[in-house]
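Colleague: Single-letter residue listing:
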Amino acid sequence: MGHTSARLGELARLVEGELDGPADKVVVGPATLDEAGANHITFAAEARYVAKVNASKAGAVIVGRDVEKLEVPTIRVQNPRLAWCQVLEHFAPARPEREGVHPSAVVGMDVKIGKGVWIGPHAVVGDRCRLGDRVVLDEHVVVGDDVLIGKGAHLYPHVTVYARTEIGRNVTIHAGSVLGCDGFGYVSVGKKHRKIPHIGNVVIGDDVEIGALVSVDRGVCGSTVIGRGSKVDNLVQIGHNVRVGEDCIIVAQTGVAGSAVLGDRVTLAGQSGVVGHLKVGSDTVLAARGVIARDTPAGSFVSGFPARPHRESMRVIAYMQKLPQMNETVATLQREIRELQDRLQRLEEERPATGEAR
Amino acid sequence: MGHTSARLGELARLVEGELDGPADKVVVGPATLDEAGANHITFAAEARYVAKVNASKAGAVIVGRDVEKLEVPTIRVQNPRLAWCQVLEHFAPARPEREGVHPSAVVGMDVKIGKGVWIGPHAVVGDRCRLGDRVVLDEHVVVGDDVLIGKGAHLYPHVTVYARTEIGRNVTIHAGSVLGCDGFGYVSVGKKHRKIPHIGNVVIGDDVEIGALVSVDRGVCGSTVIGRGSKVDNLVQIGHNVRVGEDCIIVAQTGVAGSAVLGDRVTLAGQSGVVGHLKVGSDTVLAARGVIARDTPAGSFVSGFPARPHRESMRVIAYMQKLPQMNETVATLQREIRELQDRLQRLEEERPATGEAR
Amino acid sequence: MGHTSARLGELARLVEGELDGPADKVVVGPATLDEAGANHITFAAEARYVAKVNASKAGAVIVGRDVEKLEVPTIRVQNPRLAWCQVLEHFAPARPEREGVHPSAVVGMDVKIGKGVWIGPHAVVGDRCRLGDRVVLDEHVVVGDDVLIGKGAHLYPHVTVYARTEIGRNVTIHAGSVLGCDGFGYVSVGKKHRKIPHIGNVVIGDDVEIGALVSVDRGVCGSTVIGRGSKVDNLVQIGHNVRVGEDCIIVAQTGVAGSAVLGDRVTLAGQSGVVGHLKVGSDTVLAARGVIARDTPAGSFVSGFPARPHRESMRVIAYMQKLPQMNETVATLQREIRELQDRLQRLEEERPATGEAR
Numbered sequence: 002m003g004h005t006s007a008r009l010g011e012l013a014r015l016v017e018g019e020l021d022g023p024a025d026k027v028v029v030g031p032a033t034l035d036e037a038g039a040n041h042i043t044f045a046a047e048a049r050y051v052a053k054v055n056a057s058k059a060g061a062v063i064v065g066r067d068v069e070k071l072e073v074p075t076i077r078v079q080n081p082r083l084a085w086c087q088v089l090e091h092f093a094p095a096r097p098e099r100e101g102v103h104p105s106a107v108v109g110m111d112v113k114i115g116k117g118v119w120i121g122p123h124a125v126v127g128d129r130c131r132l133g134d135r136v137v138l139d140e141h142v143v144v145g146d147d148v149l150i151g152k153g154a155h156l157y158p159h160v161t162v163y164a165r166t167e168i169g170r171n172v173t174i175h176a177g178s179v180l181g182c183d184g185f186g187y188v189s190v191g192k193k194h195r196k197i198p199h200i201g202n203v204v205i206g207d208d209v210e211i212g213a214l215v216s217v218d219r220g221v222c223g224s225t226v227i228g229r230g231s232k233v234d235n236l237v238q239i240g241h242n243v244r245v246g247e248d249c250i251i252v253a254q255t256g257v258a259g260s261a262v263l264g265d266r267v268t269l270a271g272q273s274g275v276v277g278h279l280k281v282g283s284d285t286v287l288a289a290r291g292v293i294a295r296d297t298p299a300g301s302f303v304s305g306f307p308a309r310p311h312r313e314s315m316r317v318i319a320y321m322q323k324l325p326q327m328n329e330t331v332a333t334l335q336r337e338i339r340e341l342q343d344r345l346q347r348l349e350e351e352r353p354a355t356g357e358a359r
Numbered sequence: 002m003g004h005t006s007a008r009l010g011e012l013a014r015l016v017e018g019e020l021d022g023p024a025d026k027v028v029v030g031p032a033t034l035d036e037a038g039a040n041h042i043t044f045a046a047e048a049r050y051v052a053k054v055n056a057s058k059a060g061a062v063i064v065g066r067d068v069e070k071l072e073v074p075t076i077r078v079q080n081p082r083l084a085w086c087q088v089l090e091h092f093a094p095a096r097p098e099r100e101g102v103h104p105s106a107v108v109g110m111d112v113k114i115g116k117g118v119w120i121g122p123h124a125v126v127g128d129r130c131r132l133g134d135r136v137v138l139d140e141h142v143v144v145g146d147d148v149l150i151g152k153g154a155h156l157y158p159h160v161t162v163y164a165r166t167e168i169g170r171n172v173t174i175h176a177g178s179v180l181g182c183d184g185f186g187y188v189s190v191g192k193k194h195r196k197i198p199h200i201g202n203v204v205i206g207d208d209v210e211i212g213a214l215v216s217v218d219r220g221v222c223g224s225t226v227i228g229r230g231s232k233v234d235n236l237v238q239i240g241h242n243v244r245v246g247e248d249c250i251i252v253a254q255t256g257v258a259g260s261a262v263l264g265d266r267v268t269l270a271g272q273s274g275v276v277g278h279l280k281v282g283s284d285t286v287l288a289a290r291g292v293i294a295r296d297t298p299a300g301s302f303v304s305g306f307p308a309r310p311h312r313e314s315m316r317v318i319a320y321m322q323k324l325p326q327m328n329e330t331v332a333t334l335q336r337e338i339r340e341l342q343d344r345l346q347r348l349e350e351e352r353p354a355t356g357e358a359r
Numbered sequence: 002m003g004h005t006s007a008r009l010g011e012l013a014r015l016v017e018g019e020l021d022g023p024a025d026k027v028v029v030g031p032a033t034l035d036e037a038g039a040n041h042i043t044f045a046a047e048a049r050y051v052a053k054v055n056a057s058k059a060g061a062v063i064v065g066r067d068v069e070k071l072e073v074p075t076i077r078v079q080n081p082r083l084a085w086c087q088v089l090e091h092f093a094p095a096r097p098e099r100e101g102v103h104p105s106a107v108v109g110m111d112v113k114i115g116k117g118v119w120i121g122p123h124a125v126v127g128d129r130c131r132l133g134d135r136v137v138l139d140e141h142v143v144v145g146d147d148v149l150i151g152k153g154a155h156l157y158p159h160v161t162v163y164a165r166t167e168i169g170r171n172v173t174i175h176a177g178s179v180l181g182c183d184g185f186g187y188v189s190v191g192k193k194h195r196k197i198p199h200i201g202n203v204v205i206g207d208d209v210e211i212g213a214l215v216s217v218d219r220g221v222c223g224s225t226v227i228g229r230g231s232k233v234d235n236l237v238q239i240g241h242n243v244r245v246g247e248d249c250i251i252v253a254q255t256g257v258a259g260s261a262v263l264g265d266r267v268t269l270a271g272q273s274g275v276v277g278h279l280k281v282g283s284d285t286v287l288a289a290r291g292v293i294a295r296d297t298p299a300g301s302f303v304s305g306f307p308a309r310p311h312r313e314s315m316r317v318i319a320y321m322q323k324l325p326q327m328n329e330t331v332a333t334l335q336r337e338i339r340e341l342q343d344r345l346q347r348l349e350e351e352r353p354a355t356g357e358a359r
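Chains as they are written, first to last, in the working numbering: chain A, 2 to 359; chain B, 2 to 359; chain C, 2 to 359.
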């Protein structure tokens with residue numbers, strides 16, 4: 002972290018790659034293939050991008066083991082995406098090291114604060130909270146009473162954490178997200194809606210990352226849970242008592258309705274949805290815009306609304322596009338049948354009288 | 002509120018139920034059927050959940066009047082959901098009683114503040130606002146100039162209320178929501194977009210609850226209105242000059258476009274939408290993901306995009322799934338017709354010459 | 002701005018219109034056609050609204066040049082929407098003139114602040130930022146380190162701007178929006194997700210307006226760009242390395258996935274989406290709820306998911322609604338063919354033996 006230049010030899014060692022080029026050539030940072038200049042290193046993980054490398058101005062490129070000789074200095078690796086990630090880490094600006102409690106912050110009573118914690122300007126921490134070592138609460142973070150935050154967690158500006166939420170270690174939560182707000186539950190009494198109290202909480206596992214402007218409702222009773230290692234993109238809604246398993250991927254603007262249970266390594270692509278009270282099997286993949294409306298077995302790949310096996314959905318979509326044509330075909334068949342009926346009737350009328358046959 | 006235990010007899014009286022079990026048995030709180038232990042009370046409102054009660058570890062259960070004898074202590078009531086709500090209220094943690102203005106809050110000039118109001122850390126209140134009795138402004142709430150907030154309203158952290166908004170009594174607004182931002186209105190002048198000033202405001206009726214991260218645009222002129230008793234879930238967008246009637250339910254991630262008018266008791270399920278300038282009749286229900294694209298009469302139950310009567314939509318979806326099969330049927334019919342045409346032609350050619358018939 | 006009354010003659014001059022009515026008649030403000038009283042001016046841009054003018058209580062009305070004589074005082078103009086916009090501007094409440102740094106604000110080191118800047122209560126500005134003349138940072142705005150903000154930009158309450166973001170002149174950003182949060186990028190290593198550092202930034206062009214609760218991810222490396230004059234509505238998600246051209250319109254709850262490139266004057270209607278890494282040609286219009294899933298040529302008008310030319314989509318939707326009927330037609334054809342087959346077989350069996358023909 003924090004480097005502003007590197008020699009190719011150094012980078013090749015970092016990513017455990019094979020350098021085809023001058024080890025002492027210096028690059029000043031990573032750049033996309035389109036934007037890279039002579040002092041930048043880029044990467045090309047797919048053939049269609051590799052094909053563009055020679056025409057680019059990049060000073061060096063990371064590619065897969067099997068890529069043939071290119072005109073620019075090349076680092077060959079097993080997994081170009083991983084190597085790219087490592088190079089980005091090398092050049093990532095160092096986060097300013099801050100420690101202590103900004104004088105404008107408001108910290109409640111009986112709060113336990115670990116080593117190396119930073120509580121930023123105007124942050125508010127409720128009573129009886131516990132913050133593990135190296136927790137960072139950025140500007141304007143609001144943490145309610147009785148909240149636990151594990152070691153190394155980083156809450157970005159304007160995050161709101163309602164009372165009694167539990168946040169694991171090394172969790173990252175981006176700006177403006179809300180953890181632990183009441184779920185949407187009412188009992189209809191006559192024509193009025195009476196609020197169901199939400200006395201549960203939210204539990205976020207270790208290594209979870211949550212994007213900006215995400216809402217996670219607290220449980221009615223019991224917990225809404227996001228399992229270890231899961232990643233949630235921006236503007237996602239997680240309903241009350243949902244249980245997201247481990248290492249799941251939930252892409253932007255998706256909604257998971259109350260009490261749905263997701264297994265491990267489930268992927269919900271962008272703008273998708275899961276109906277409440279369902280079970281989504283581990284390793285299920287839901288394509289963008291899909292809505293899971295009944296339980297899915299483990300390893301499903303589904304799409305559409307209601308979601309079905311992806312191949313079936315694709316076939317249905319393909320046939321939908323052919324509907325105008327199919328409609329025409331049916332109209333033609335109607336005409337042809339009318340014609341056949343006429344011709345047949347004529348033949349029947351013309352045939353010799355064979356009284357006995359009838 | 003605030004109880005940490007209760008005798009079953011006490012709870013039966015609270016919910017006006019009939020106790021079948023020991024009146025002095027103590028439970029320490031409510032829990033879901035799956036999670037309830039021997040010291041918890043749970044509920045089962047539907048037959049499929051009642052069927053699981055005997056196998057659960059729950060210490061007591063609330064069910065409907067007509068449920069037969071169970072192996073666990075049982076409270077029978079008219080409306081199990083309502084009774085569950087009352088039990089949750091009994092055990093809900095008491096909200097800390099705070100009153101006054103936190104020293105870090107910033108309050109403008111000529112502000113009228115009722116009795117028992119709490120203005121939390123870093124909250125900001127603009128000039129000439131009026132706050133009714135017992136209003137709670139949590140940490141970091143920002144209220145613009147000339148805002149009215151009715152008795153008992155509770156604004157959670159990071160809520161932004163733009164100038165001239167009017168908020169009714171007992172309104173609840175969850176964290177991060179924005180009331181009164183400009184709507185999305187531009188006049189195209191050549192290829193540029195010229196902003197239409199939004200000089201109206203937002204009016205929120207009594208007993209409304211708004212979730213987290215909701216945006217309600219102010220009127221261009223006149224008001225955007227959310228009627229008494231309506232409930233709005235997280236991440237919902239309400240456009241400029243929309244009028245939501247009373248006791249409506251708007252579920253998460255739904256959008257209502259500008260100048261749409263919703264009657265009373267309208268339900269918009271999750272991730273749904275209403276096109277601008279439409280009238281949605283009272284008691285209309287729009288299913289999840291649906292988009293209302295023309296006026297609906299009162300009492301409609303619609304789904305799909307564009308929304309149609311739900312039964313029709315369901316039929317269309319069912320037939321869509323059968324499209325591959327229908328396509329095959331049509332292909333078969335084509336072949337059969339070709340064959341018929343051939344056979345018929347052969348017959349026609351074979352028939353005796355009957356010159357006069359033609 | 003800031004007027005509370007105007008004479009019709011004055012307004013006619015303001016909008017360069019022709020007054021048909023008393024020049025000294027006074028109106029106290031604009032109102033919608035439905036809500037206008039005798040002291041209000043309203044407008045009617047379309048024939049169906051013009052038809053309602055005589056029945057309204059409006060004190061005056063703005064209409065197009067070609068509208069015939071009405072019973073209320075009338076201002077005729079080339080572009081009634083533009084004139085309405087000008088009238089609204091005339092009556093818009095003046096924004097309070099504030100200047101300086103509120104004592105509760107926290108401003109970092111080496112910050113350059115232009116003339117007439119206002120940094121409101123509890124706002125936080127990071128180190129080495131540059132704020133142009135007349136920049137307004139409302140209450141609780143958080144600006145990270147090394148951020149540039151151009152002249153006349155206005156950031157509403159609770160906006161979060163991550164480090165190294167660049168914001169152009171006269172940009173408006175509504176409450177709660179987040180610029181520069183990390184994008185959603187992970188490398189799968191085994192079953193775990195390893196975060197891809199996001200070391201790029203966000204660049205917002207001059208005259209851009211961004212609604213409330215919008216998230217714009219920073220680039221992995223390089224920039225996520227929103228081009229000059231583009232307008233973004235509430236609750237929109239813009240992914241990492243997206244490039245939005247100039248004068249685009251992106252309506253509420255839309256998502257643009259990573260690395261997508263939008264040309265100029267692209268319109269994405271409400272709740273729509275663009276798949277990542279695509280090119281959307283200039284002047285493309287995507288209808289509400291549509292999803293662009295492959296490159297579109299300039300000037301496309303597309304809808305549906307996957308988006309297709311709008312007329313095709315409309316035809317497909319029309320035929321979908323007819324599916325139950327088409328299914329019935331096909332069933333009828335099947336029956337008729339069976340019948341034809343039977344009749345034909347009978348004829349064939351009846352024909353005279355013509356051994357030599359076979």
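Source of the hints: derived by calculation from the structure; they are not laboratory data. Source: prediction; values computed, not measured. Errors might be hidden in some of the hints.
Treat identical chains as interchangeable: a pair holds within one or across any two.
Restricting the straight-line Cα-Cα distance to at most 20 Å, the calculated cross-link-like pairs of lysine to aspartate or glutamate (EDC-like) are [stated by the list, open to error]: (1) Lys26 - Asp67; (2) Lys280 - Glu340; (3) Lys280 - Glu98; (4) Lys196 - Glu17; (5) Lys193 - Glu19; (6) Lys58 - Asp21; (7) Lys70 - Glu351; (8) Lys58 - Glu329; (9) Lys196 - Glu349; (10) Lys58 - Asp343; (11) Lys58 - Glu337; (12) Lys70 - Glu98; (13) Lys152 - Glu72; (14) Lys113 - Asp67; (15) Lys323 - Asp35; (16) Lys280 - Glu47; (17) Lys193 - Asp147; (18) Lys280 - Glu349; (19) Lys70 - Asp21.
Colleague: Any hints this thing doesn't respect? Which numbers, in order?
Modeller: Checked against the structure, the hints that fail are numbers 1, 2, 3, 5, 7, 8, 9, 10, 11, 12, 13, 14, 15, 17 and 18, while the rest are satisfied.
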